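Below, each chain spelled out in residue letters.
Protein chains: 2
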Amino acid sequence: MTAPTGPEITLINGLILTHPGLKDAVPHGRSTICGGRLAEVNVPVESALFAGQVIDCANCLIMPGLINCHNHAAMSLLRGVADDLPLERWLNGYIFPSESKHTDPDFVHLGTMLSCLEMVLGGVTTFADGYFFMENAARAAIEVGLRAVVAQGILDLPTPDARAAGSWKERVADFLSACPQDPLISPALFCHSPYLCGPDTFQEAARLADDHDALLFSHVCETHREVEDIRARYGRTPVEHLENLGVLGPSFVAVHVIHVSDEEMDLLADSGTKVIHCPESNMKLASGVSPVRELIKRGVTVGIGTDGPASNNNLDLFEEMRSASLMAKLVTKDPEALNSRTVLRMACLDAAKALGMEDRIGSLEPGKCADVIVIDLDRPHLTPMYDVASHLIYAARASDVRDVLVNGKVVVRGGRATSVDEDRIKAAGRAKGGQIARGLGVTNFGAVFKDV
Amino acid sequence: MTAPTGPEITLINGLILTHPGLKDAVPHGRSTICGGRLAEVNVPVESALFAGQVIDCANCLIMPGLINCHNHAAMSLLRGVADDLPLERWLNGYIFPSESKHTDPDFVHLGTMLSCLEMVLGGVTTFADGYFFMENAARAAIEVGLRAVVAQGILDLPTPDARAAGSWKERVADFLSACPQDPLISPALFCHSPYLCGPDTFQEAARLADDHDALLFSHVCETHREVEDIRARYGRTPVEHLENLGVLGPSFVAVHVIHVSDEEMDLLADSGTKVIHCPESNMKLASGVSPVRELIKRGVTVGIGTDGPASNNNLDLFEEMRSASLMAKLVTKDPEALNSRTVLRMACLDAAKALGMEDRIGSLEPGKCADVIVIDLDRPHLTPMYDVASHLIYAARASDVRDVLVNGKVVVRGGRATSVDEDRIKAAGRAKGGQIARGLGVTNFGAVFKDV
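First to last, the sequence lines map onto chains E and W. For the first sequence, position 248 (counting from the first letter as 1) is numbered 380 according to the working numbering, and the numbering increases by one without interruption. For the second sequence, position 287 (counting from the first letter as 1) is numbered 419 according to the working numbering, and the numbering increases by one without interruption.
With the rest of the complex left out, here is chain E (with noise of 0.2 Å):
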């Protein structure tokens, strides 16, 4: 893969993690990166001197990027406008009424600049994000340059951008044809849940994602009451029900899915369908927690997502790996649950796979893109170390990130993102929050800023 003009990024010292969760960090040589791809990964030292860009990752950790699986991005502008509260008074009395006046292109715009900050500094380098106007998500993960899946949301109820119910059709057209064509971007497709959208809907989404090559994604078995609703509506369970309508396969995507069956894990496996975990998300709306060591020993494949940052609330992906660990444990009652190579593997090549894109993330591998992150081990919490992955998932922080690299751009450097400017999005929404909290009568404390 070496292009003919040689590396235009060399990483040199340090260890190295190439297969998160299937190998262990070992000493590192050197690493190179060609036309955004990893030319190299570790290989002798054989020379002082490097073509290139030099990154010295010695007292470091170079492993690949971290993925998280699901998200509503724009959403941090409505971060803690209301939290504690039973999902329908938060969505009924604080978020719909906060995105229906207004979550606009610029909204999501804003709104995914400041997620993307926030993840891409934690050491996320792809993620998949579901919500409204999504081709300004795209817009705002290729200015921070992030890797993303960016799902058009569809309901049958009115949406931000499809005022008149039932016209998620023109507004995926729209999405389709606006969407950037980018190397980072993978459109895809969002039917909210089995509740939210019906029948025709959901087979219609499957059908149009079928034809754009693109992933579908739901939220599915979230809560109890989803599960009696769909039963009491179809006579069936959400997964009986999604299954029945032939939606259920290889690029579907199940988020949450919580309240299931035996058989409805089984169905799950059997037909090829992907899993996103959110624990945080989960406890904090007292959702419950998916059996996720049952649907892993039947063969499915799992990613761990952070869900939105107005329902967990941060996007900090060593956070939700901990979590996904430490909830396992307790509620199985057995401390060997989800252990931490396992964890590490959902948040690196299962969830590539839960994306479709193992063939290109996951893992540093020559020919993969260099999705890359190096973790400073040089810090108090990380001294001593005895084990790398046990120290990733129980001790390491999303702070401890210190460069971050996708598709071969250095997009972090130094715990600093070096594509944007980071005050100008932080003041754009601090006045965007000013606008919101005055529209819900809650507090505005950005106003102590002296941008605002």
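Calculated directly from the structure, the hints in this document are not laboratory data. This list has only true hints and no planted wrong ones.
Pairs count within a copy or across copies, as identical chains cannot be separated in the list.
Taking lysine to aspartate or glutamate pairs in the EDC-like style, the calculated list, with each CA pair at most 20 Å apart, reads:
| no. | residue 1 | residue 2 |
| --- | --- | --- |
| 1 | 465 | 360 |
| 2 | 582 | 508 |
| 3 | 582 | 188 |
| 4 | 465 | 220 |
| 5 | 233 | 220 |
Quick caveat, the model's predicted, so the values are computed rather than measured.
Please arrange chain W on chain E, whose structure you already have, making use of the hints.
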């Protein structure tokens, strides 16, 4: 309280949260520190000229330091030697053999230094610790500049610092005479548990603690097995057993308190016994869930602790607060359980009460000790901000802490410890890690560092 010489430190600008959980954050004018204490808290700024050192807190939040109510700090040197194991295999296969071989005064000093660094950089200003050779933990806390309750461990079995079974009384006497007399240090005693300390030991330790006006700690009702053991041995549950021994009371601190009945919670409440909740350790070891909401309803004072770094595996109190809230919502199936304000109070003022220090720390009031943290709010993951408590619990990170003052002394400035040489401590930690790794036959990844 203003000393005649005028303030030594003046904080200006930003937001201030004087009573976490009770009051909201408000814009901050000026606060001053004299003789280690808060002289003025949020008074109007009358002049642009300030006495002493001036700390500009623009775009920051000023709040009381966090209090970590349970730790075995020196065990940072054993963090990650083994994880994802049942408690007994973890203890007998790794922890006890390592402690038997390596735990000496230098181990305790070095391990506690590493943990103090981690804690103070993450906004912890006071911690309660239980381990061996505890005068050395006290020395470490003083060097880094942390306030500490250092509780000498007591077991009927041989321990690293009392090698003859039953010789703990000599050790306690040595500890009490060797423990540095310092305004930062409160000596205390720690009976390991009702299953490793017999009735005589508990009663004698309680008498000694009382004589020295010191707290007595114990792990209580951490596992099902403990409850069964104690019931088999004494015909009573652990709480009933301790009540029968006359040990419960306002200066007894029960750590974990997971497997308790309504009647036992009443005993704890009626006796004024304090409880420490360690959610992440309880999850990681699959121990279970403390009924925190029920305890608080009964009037029990509940503080939050991380437990030791080998069973958590971090000392990040922001994350611990978040886990306390998320875990409570999950197990009660109620998203209103342990809301952000409740959890914040548990880590500040309630924690101070649990350690008998509410007259000195836990809130920012004139006359109280100047244990103050300054949190940088100018971060993507905290932008915008509608609710300070929500952001602190659900979105903020240890790495957002910019400055830390303990007893009026600046111990962290701009995210760097000011009292000690961080690099020297980490290098010593890596060297010690090499010895421990060789003994256990595990890898010492610290060997890749240039200093080892």
